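Could you build all of it, start to finish, from the sequences and the hints given here?
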Amino acid sequence: AQSVAQPEDQVNVAEGNPLTVKCTYSVSGNPYLFWYVQYPNRGLQFLLKYITGDNLVKGSYGFEAEFNKSQTSFHLKKPSALVSDSALYFCAVRGWMDSSYKLIFGSGTRLLVRP
Amino acid sequence: NAGVTQTPKFQVLKTGQSMTLQCAQDMNHEYMSWYRQDPGMGLRLIHYSVGAGITDQGEVPNGYNVSRSTTEDFPLRLLSAAPSQTSVYFCASSYSITGVEASYEQYFGPGTRLTVT
Numbered sequence: 022a023q024s025v026a027q028p029e030d031q032v033n034v035a036e037g038n039p040l041t042v043k044c045t046y047s048v049s050g051n052p053y054l055f056w057y058v059q060y061p062n063r064g065l066q067f068l069l070k071y072i073t074g075d076n077l078v079k080g081s082y083g084f085e086a087e088f089n090k091s092q093t094s095f096h097l098k099k100p101s102a103l104v105s106d107s108a109l110y111f112c113a114v115r116g117w118m119d120s121s122y123k124l125i126f127g128s129g130t131r132l133l134v135r136p
Numbered sequence: 098n099a100g101v102t103q104t105p106k107f108q109v110l111k112t113g114q115s116m117t118l119q120c121a122q123d124m125n126h127e128y129m130s131w132y133r134q135d136p137g138m139g140l141r142l143i144h145y146s147v148g149a150g151i152t153d154q155g156e157v158p159n160g161y162n163v164s165r166s167t168t169e170d171f172p173l174r175l176l177s178a179a180p181s182q183t184s185v186y187f188c189a190s191s192y193s194i195t196g197v198e199a200s201y202e203q204y205f206g207p208g209t210r211l212t213v214t
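First to last, the sequence lines map onto chains A and B.
Be aware that the first sequence starts at 22, since it is given in this note's numbering, and climbs by one per residue.
Be aware that the second sequence starts at 98, since it is given in this note's numbering, and climbs by one per residue.
There may be inaccurate statements among the hints.
[To be verified] Quick look at which bits of chain A chain B covers, simulated, 3 or more residues with Cβ under 8 Å: (1) 31-37; (2) 65-79.
[As the list claims (entries may be wrong)] When the alpha-carbon atoms are kept at most 30 Å apart in a straight line, the in silico BS3-like pairs for lysine-lysine are as follows: (3) 90/A with 123/A; (4) 98/A with 123/A; (5) 70/A with 106/B; (6) 43/A with 98/A; (7) 43/A with 90/A; (8) 106/B with 123/A.
In case anyone wonders, no lab produced these hints; they're calculated from the structure.
Note that the structure is predicted; figures quoted are calculated from it, not measured.
For each residue, glycine too, the CB sits at the ideal point set by N, CA and C.
Shown next, in the form of structure tokens:
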């Protein structure tokens, strides 16, 4: 069965410091991996995706993520955090053989950036 | 484009009542889906559709019905509301799900916050 784990409920970081939000996955075959962000009282917004190609994926708002097949991880990173990055972040996965096209989401990680 | 729209934004129901959550998209997307979001559980797929006239069940379909008579609309019906259906409901759509140029990115609506008492 497909699954996604986000081991940290909350990540705290000071503004200007690098941030990492962790994600590991389990899927049959090659994975399609996504990161979404949710601001308060809003729907989810797409940040970036890994389908194939370079393991380092760049996305919106200066975020990037690194696909590591051996560790089945897809951690979200940003070199310098902003207070405005504070939000709820979701990792999601879909198996490329999955004919139902379902996205499986992690439980979410709340990012809090201190001024 | 308005993107994905959902109505209503908020709704309170009594146990046993029925209602329909509306979802519409104006991007000519093939794929549409409904999720519910509960604290600490992420988003869970309720139902999805890969095109007009085609629907299928997700992870948590019980107590919900859907239909897809047009490409644009994908309403979610609660047949007999229960307190366990108190949640935030999100509709999402995706342009294409097949082919080399398929985009698997999903666009989400703003959500409907439902409380069942």
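_Next pair to validate is residue 106/B with residue 123/A; report whether the Cα-Cα distance is within 30 Å._
Given that 30 Å is the threshold and the Cα spacing comes to 25 Å, the pair holds.
*Given the proposed pairing of residue 90/A with residue 123/A, does the C-alpha separation stay at or below 30 Å?*
The hint holds at about 21 Å.
*With a cut-off of 30 Å on the C-alpha distance, tell me whether residue 43/A and residue 90/A pass.*
holds (14 Å)
*Given the hinted pair residue 98/A and residue 123/A, is their alpha-carbon gap at most 30 Å?*
Given pair residue 98/A, residue 123/A holds - Cα atoms ~25 Å apart, limit 30 Å.
*Decide if the proposed pair is consistent with the structure: residue 70/A and residue 106/B, CA atoms, cutoff 30 Å inclusive.*
holds (29 Å)
*Given that the stretch 65-79 of chain A was listed as covered by chain B, double-check it with a C-beta distance under 8 Å for 3 or more residues.*
holds (count 5)
*asked:* At least three residues with a C-beta closer than 8 Å to a C-beta of chain B: is that true for the stretch 31-37 of chain A?
replied: violated (count 0)
*Quickly compare the C-alpha distance for residue 43/A and residue 98/A to 30 Å and report which way the hint goes.*
Within the cut-off at roughly 9 Å; holds.
Of the numbered hints listed earlier, the single one contradicted by the structure is hint 1.
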